[in-house]
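Peer 1: Residue-level listing of the chains:
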Amino acid sequence: MANALYDKGREGFLDGSIDWDTNTIKSILVDEGADTIDLAVDDNLDDRAAGSRISTSAALTTKTVTNGVADSDDITFTAVSGASVESVDFFKDTGTESTSRLICNVDTATGLPVTPSGGDIVFRVDNGANKLFKL
Amino acid sequence: MQVIVPKQVEFRVRQEGDRVLLIINGQCVADLEWKAAEVLWQALREKTRRAEEVAKAFSVARDSAILLRAGARMVLSGSRKIIAEAVKMAGHDRDLRRFMPFIKSQESFGHPVVEKLPPKEML
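As you go down the protein sequences, you meet chains A and B in turn.
Each residue of the first sequence is one higher than the last, beginning at 1 in the working numbering.
Each residue of the second sequence is one higher than the last, beginning at 1 in the working numbering.
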């Protein structure tokens, strides 16, 4: 696959239910051996099997939306252990899994897949033109 | 009850010397010199094409919708009504959505780096 927006994430940006820089956005390290990513069907966090969620980040900080480009500070997953991680999901956290809309899945990044060893895992957002992603 | 029967129009175009005659149902309705006949022919052709576009509006809109659905930024008509219908069909027509489901998204991603740090030593 490739880095991509979930269809329902795309829909969320258009219908106004996702506001990148004001909503609480988090990311999770995903073990794709325990769940299959379906960009066309998966809509909320409850579609991601609990066993596939290796670690969940704190809320993203310093989020910006300038010119349709989604950016944030680098993301640190603290003291991660568990199965191999093949991708990273981003989602809008409402506090309820069934309404926490999945936004995008990143499976193409230098360093992926990664096998946790108890230390931190840092997701460094690209400093180029597209940052995390550009709509 | 009134029954409307379409009129049968029989027309002929005849050339006499440098003049062109238009004869409808046996009566000469226009006697034109050749330059005027050429202007009339061009006007007729233009209006005929527009009339054909109206008569085939649904097909033109549908073909335009297929182009739009395929990602081409062009339509086959200059008519605002037909263009609006084509745009509506491209987005909502059930058959087009079923058989041409993929409109490639234009979003682009940066290339992130995932870095694994060594475990922190326990004090």
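One thing to keep in mind: the hints can contain errors.
Stated by the list, open to error - DSS-like mimics (lysine-lysine), calculated; alpha carbons at most 30 Å apart, straight line:
no., chain 1, residue 1, chain 2, residue 2
1, A, 63, B, 81
2, A, 26, B, 120
3, A, 26, B, 7
4, B, 56, B, 7
5, A, 131, A, 63
6, A, 131, B, 88
7, A, 131, A, 8
8, A, 63, A, 26
9, B, 88, B, 120
10, B, 88, A, 134
11, B, 7, A, 8
No lab work stands behind these hints: they were computed from the structure.
Just so we're clear, the structure is a prediction, and the values are computed from it rather than from any experiment.
Peer 1: Against each hint, give a clear statement of whether it holds in the structure.
Peer 2: Cross-check of the supplied hints:
no.	hint	verdict
1	63(A) with 81(B)	violated, 42 Å
2	26(A) with 120(B)	holds, 24 Å
3	26(A) with 7(B)	violated, 74 Å
4	56(B) with 7(B)	holds, 23 Å
5	131(A) with 63(A)	holds, 11 Å
6	131(A) with 88(B)	violated, 34 Å
7	131(A) with 8(A)	holds, 21 Å
8	63(A) with 26(A)	holds, 11 Å
9	88(B) with 120(B)	violated, 58 Å
10	88(B) with 134(A)	holds, 27 Å
11	7(B) with 8(A)	violated, 59 Å
In the structure shown, a violation is registered for the earlier hints numbered 1, 3, 6, 9 and 11, in ascending order.
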